[in-house]
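In order, the protein sequences belong to chains A and B. Residues 1 to 356 (our numbering) are what the first sequence spells out, left to right. Residues 1 to 365 (our numbering) are what the second sequence spells out, left to right.
Honestly, the hints are just simulated from the structure, not real lab data. One thing to keep in mind: the hints can contain errors.
[Said to hold, decoys possible] Below are the PhoX-like pairs computed for lysine-lysine, each with C-alpha atoms no more than 25 Å apart in a straight line:
id, chain 1, residue 1, chain 2, residue 2
1, B, 263, A, 45
2, A, 246, B, 136
3, B, 138, A, 323
4, B, 78, B, 93
5, B, 286, A, 248
6, A, 103, A, 91
7, B, 282, A, 43
8, A, 189, A, 82
9, B, 263, B, 252
[As the list claims (entries may be wrong)] Restraint ranges, calculated between C-beta atoms of paired labels, are given here:
id, chain 1, residue 1, chain 2, residue 2, range
10, A, 42, B, 47, 36 to 44 Å
11, A, 21, B, 125, 37 to 45 Å
12, A, 302, B, 51, 39 to 47 Å
13, B, 142, A, 170, 52 to 60 Å
[What the hints assert, rightly or not] Just a few of them, taken from the derived set where beta-carbon distance is under 7 Å, the chain B residues facing chain A:
id, residue
14, 22
15, 23
16, 27
17, 189
18, 260
19, 300
20, 301
21, 303
22, 307
23, 323
24, 324
25, 325
26, 332
27, 361
28, 362
Because the structure is a prediction, the values reported are computed rather than measured. Ideal Cβ positions, reconstructed from N, Cα and C, are used throughout, including at glycine.
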Amino acid sequence: MTDLETLIQKKQKEIYNEIDDYTDSVYAILGFCNLWSYDKPGKNKPNVKVFQGRRLTPPTNLNLTEATSAVTPDLGIVVDDKNAILGEIKKNFPKDDSNDRQKEVFEQLKQYDQQLLGWPTPTETVDSHELTLLVHQLTSVYAKDYFSIHNQEVNFNHPFCIVSFTRVDQGEHYFLFQLIDGHPGCSMKINETRLHFGVPIPMRAILEAYSKSKIYDAMPPLAYLLNLMWENVFTPLAAENPKFQKLKTNSKLDIQIDVDDILKVLQDSFSFQCWHKDYPARQPLIPKREWIEKACQFFVDSQIGTWLDYNEELQVHYHKLEKTLDHFIRLVAEARSNKEYQPLMFDLNTGKRGNN
Amino acid sequence: MQQIDFNSFFYDISSDERGFIIALDAVLSSENRQATIVPFASNYSPEENFKNEGSRLIDVSHRNSDLDLFKMRFYTNKDGSKECIEGQFFVYKFGINPNLYLAITLESRDFVNRALLPFIDQHRTRFYLTFLNQDKLKTFLNNYREGCGYTDLNILRVSLISRYANEKKETIIQSVSWLGLPMETAFTYANENNGWFKSLTFEALRRDKKLAQITIYRNGVIKTDRDMIGINKYLIESICSLIRDNLTLFSKRSRRENELAVKPLTIQFGQNQFSDVGENAKFIDKMNELSDASVSVMHGNPYIFLTIIDYVDGSTFDIWVLKANELIIVPQLKSTVNSLKRVISHIFDRYAEGTIQEFTAEVLL
Chain A
1 MTDLETLIQK KQKEIYNEID DYTDSVYAIL GFCNLWSYDK PGKNKPNVKV
51 FQGRRLTPPT NLNLTEATSA VTPDLGIVVD DKNAILGEIK KNFPKDDSND
101 RQKEVFEQLK QYDQQLLGWP TPTETVDSHE LTLLVHQLTS VYAKDYFSIH
151 NQEVNFNHPF CIVSFTRVDQ GEHYFLFQLI DGHPGCSMKI NETRLHFGVP
201 IPMRAILEAY SKSKIYDAMP PLAYLLNLMW ENVFTPLAAE NPKFQKLKTN
251 SKLDIQIDVD DILKVLQDSF SFQCWHKDYP ARQPLIPKRE WIEKACQFFV
301 DSQIGTWLDY NEELQVHYHK LEKTLDHFIR LVAEARSNKE YQPLMFDLNT
351 GKRGNN
Chain B
1 MQQIDFNSFF YDISSDERGF IIALDAVLSS ENRQATIVPF ASNYSPEENF
51 KNEGSRLIDV SHRNSDLDLF KMRFYTNKDG SKECIEGQFF VYKFGINPNL
101 YLAITLESRD FVNRALLPFI DQHRTRFYLT FLNQDKLKTF LNNYREGCGY
151 TDLNILRVSL ISRYANEKKE TIIQSVSWLG LPMETAFTYA NENNGWFKSL
201 TFEALRRDKK LAQITIYRNG VIKTDRDMIG INKYLIESIC SLIRDNLTLF
251 SKRSRRENEL AVKPLTIQFG QNQFSDVGEN AKFIDKMNEL SDASVSVMHG
301 NPYIFLTIID YVDGSTFDIW VLKANELIIV PQLKSTVNSL KRVISHIFDR
351 YAEGTIQEFT AEVLL
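Bound conformation, chain B alone (with noise of 0.2 Å):
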């Protein structure tokens, strides 16, 4: 394949935002390649984030002030023999705020799905990616079909999950669909299919003419072969603007934090999702389901109480239904940005979207 003189391309563009995001387009444009952007937050810095461990080796090549470039090597055994998967990719920081980054490379889809977002998934208490409900990537999309200009956002594969319920018990299947089909279309053949995407793949399309291929996932990672400069005004700009909020939104919710006083969150669905008592042992079942950790039942019916302890980073929270459309989460001593957008994203994934708002305390009369 091809390679991508990236210590060249690293002293060819200039560090400010624009310059770098044309420089891309420009790469992509006049070679046959896929940018694959992760936006992501981080209280590290990217040479904090990025370094040796395990069997993953990451030097820093270039430095400067807002944009760095690595290069990981990953040594892996495939059939009996030793293989090592290399590749470099860009971290910049994005925006103004000190937190946000993307982390940015043209190479190959096997360095990006066994080098490098394997890497980011097992320092997941470092790295802060976002999820993005149907809603949300819905209006992100349509902000960028009707920004940039295009006729439609032709659908062409897309991996679903569904839920799909008897009396007895709900299970979650994962499909992948080749659908071929306007985006508004597709979102419908979601719904009604009870379920919601995991991944989306779209032509964007001006009249009948294709001008990318995007791809961009529940975790807001975005692959694409064109259109930096559009992707990066309407959709990445979108992802990061929604990683601040959650992070605004998960910050300092540990009661450690605040004098030990609670501040919990909700989830409204929207509908009366646990008006059948029989909806509480599904959800029950599901938050069974959520790896790397402990889920006790304190109460289970009519009402829902749960206690969570988070293995990843010891976090812990309390988990109540006591109204049919909302679901309550209180952190407790310890929680974190990421051990509270890990449970979120699991009820989310595994059993129902909703909106996350801040609990507002009853009023008695």
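Extracted from the complex, chain A is given alone in its bound form (with noise of 0.2 Å):
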């Protein structure tokens, strides 16, 4: 095997693993919310909202614009449009300080632990709200020692506390959440008991929700992302063409999509946006456009589109791929590993190995 496929395999787990944080970090807002809102089976609590990615604001700030004070949560909870929970999802919570990680995290936490305006009830405010912090069961550790530490620095003014989350397998497979520090508020305090023992939150219970809700406001793996567009937008499109059917693996067939009929498909059917339908105001629409076109340009990059106007309208070459994910895995592991591996490769011109 050559280094580069070496390289290009590493990357490919890598990217395994970054697909399987975010499809966790999906999970734990929908199983931590769930713990809040949940009525019974496809119904939830009229007295409780939630929301992911919204747009709070502190009621003024004389130094700084609406744009850069604004914070968006990972998730928030209101009850009674009173009481309220800001959550923020660390699942790899860094394990040391170097270059001030961890700090960062709290620092990100301590923009919400103010004043904060935007909330989706008739006010736009409430009454009082705390602060979570949701680690992954194996960095929990660490996210509990440095609050220790640094409890006196961070001195957070309104109630915090460090939820832990992991899958653990009893016959069903769930999601177990676990207070592990912290003072809990009153909102908090409705599971106070119950989270610490640890709340199992079946993964069934929740997969309806992940159906619809696979996106949220943290960019996705390119490769997760290429591959939900590829099997619920272009597909769909491809087969209302009759020669769909009788599409040869190695024959393609071109599509014309723009960008923002991708983005309409994957906001209304693979987003938060399902929670919103009722507060959609300061919701910033999931996935960004931004995003959308990164990928388009992976694929004309990877010779799978060309542009027909550049970040408007893509034709798409497709054709039927055998394993959707793993060819899209690859073509990202090696692009990536191609960046990384140039260095290493001989200079046509000096002889020499190495990036000068």
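Mind docking these for me? Both chains are given alone in their own frames, and the hints should help you get the complex.
Take a look at the structure:
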């Protein structure tokens, strides 16, 4: 096996892990919110509102514009239009504080530790809110240690706690949420005892929600996004062509699609938009256009697509891929590896190995 | 071979269901013929379904309200020379359900196996045939035996699909066996061989007298040399009823047809099929054998999450295993009845049979 191939395979594994992390984060958002919103199968409690990626702003900020001062927490839960929880997911909490990586997480949370406007309530305010950091069980001890050591320095004004999550298998697959540190406020108290001992949420219970909300407001791994576009946007479009059924695996079918149409399908069908039907203001449209442009550009760079109108309309050279996800992971891994591998190649002019 | 005069047969029979079946029964009793019956559902009219395409030339010979007679000519090359296979078949609207039909022919096996059935298979996006799992097949045959007062159904020949597994690999073996066993014993034999019947040929016996020889296929196709009345009442009606139930279960599952809501189905295995994690790899291997499809493994261990594209019509599905005894199919934006059936019958054929049910979400405490 060549060095390049070894590198590509290493990258492929990394991408699989990134996809796993991303889907786990989506599941953590759904599962944690479910603790408050669940009423009965298919029905949420009417007094609970949940949101993802909502733009909240401090009431006034003389130094910063709204755009720069706005915060977009990973999840929000409002109970009775009065009490709320804001949560941030960090599946892989940094194991050390090199480059202030641990500090940055808490600094981000500190931005939520102020009065905020824009809640999905009639007055756009709540009486109180508290903060939660959700971390994977494997890295939760690092978060807990950091908070213990830097408690005074961080000094949250609002109640704050750390909740760990992990997948567990007991014949059925669950997401287990457990309170590991901090001081829950009145909103968290509803579930404090349960969280203290650990609450298992069956993945099955949030399966329907996941099937509709596969993308949150963090850019998904590129291969995951390419696969979602290929399966659910390009394939149904290609299937409208009478030649589709008999298309041979080595033949191509050109389809044209506007970037805005790709966005619309994914926003309507695979984001958390369905959560925000009754309070859509302040909810950014996810996926973002720039993500889709980047994905389309990747199709172009991989010669699977051609821009008919740059960043506006794409022609996709559709073909029947055997394993779409593997295919796109391989392409992304190759692209990443080629970039990294370049410095190791011989410079044809100097005959030297290296990047100078 | 002696020819059937389909034209006069067509004019002789009345178009109501009973008249048609009685006429067929009479032909089978008097002529040494075999009838092939293909129960199917379709959203298209017989005229739209059976039209000239490719190397098969089809004409409608005659038509009345519920019954059409078609002639099909199929040109093929055999040993370098052009060969024409020609035959006629009826398409009969079955019962009051608007989409249920029977295609019936008295033509030779050559015509059935090389012209008619391949045509239906090639246009499977238009034709919905069913699949009979072992439990259903056994129930239908028991009902037939008891309903017609037969003493036994003596199994003559089966095409059995068996799963043989060792620690690393699971192999599907198709075998043809001549059994000469009573029905109950034949099903026990299949069960012991971890298998299921792709087809089953049996004699209907009353005491020692053979009254009909019948073959029933997993996709609901029936061949018989007698007893159209009993077969119609206890087998065809049951198969059509199953088709109708499946149509109801598989229809309108796509998110586009449900204001983007999801409508999952489950396959219940009745046992902890996935209790061993090694089973995951076997299942994924089997799903990778699904023809004309993309199968992507989003997650393979300890739980399973696959995404599937059906390249026959562009339907897409998510497949999950989150409990040891259950598999969940989530139709995504596009999902057709035929595609859903194709995925489920692949799972039944290649992996394991189960019961299809509506998904009910977990009740949380």
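Taking the hints in turn, this is what the structure says about them:
1. B:263 x A:45: holds (21 Å)
2. A:246 x B:136: It is violated: about 34 Å lies between the C-alpha atoms, which goes past 25 Å.
3. B:138 x A:323: violated (37 Å)
4. B:78 x B:93: Cα-Cα ~35 Å, so violated.
5. B:286 x A:248: holds (22 Å)
6. A:103 x A:91: holds (16 Å)
7. B:282 x A:43: violated (36 Å)
8. A:189 x A:82: Measuring from Cα to Cα gives roughly 14 Å; hence the hint holds.
9. B:263 x B:252: Answer holds: residue 263 of chain B to residue 252 of chain B is near 9 Å, not above 25 Å.
10. A:42 x B:47: 36 to 44 Å: holds (43 Å)
11. A:21 x B:125: 37 to 45 Å: Once the Cβ atoms are compared, 39 Å apart, the range 37 to 45 Å for residue 125 of chain B and residue 21 of chain A holds.
12. A:302 x B:51: 39 to 47 Å: holds (41 Å)
13. B:142 x A:170: 52 to 60 Å: Once the Cβ atoms are compared, 40 Å apart, the range 52 to 60 Å for residue 170 of chain A and residue 142 of chain B is violated.
14. 22: Hint violated; residue 22 of chain B Cβ to chain A Cβ min 40 Å, cut 7 Å.
15. 23: violated (38 Å)
16. 27: Not OK, violated: residue 27 of chain B not within 7 Å of chain A, min 37 Å.
17. 189: Hint on residue 189 of chain B: violated, closest Cβ of chain A at ~32 Å, above 7 Å.
18. 260: holds (6 Å)
19. 300: Where the cut-off is 7 Å and the nearest Cβ of chain A is about 10 Å from residue 300 of chain B, the hint is violated.
20. 301: violated (10 Å)
21. 303: OK, holds: residue 303 of chain B within 7 Å of chain A, min 5 Å.
22. 307: holds (6 Å)
23. 323: holds (5 Å)
24. 324: Residue 324 of chain B check passes; min Cβ-Cβ to chain A is 6 Å, inside 7 Å.
25. 325: With a closest approach of 9 Å, the residue 325 of chain B hint is violated.
26. 332: holds (6 Å)
27. 361: holds (4 Å)
28. 362: holds (4 Å)
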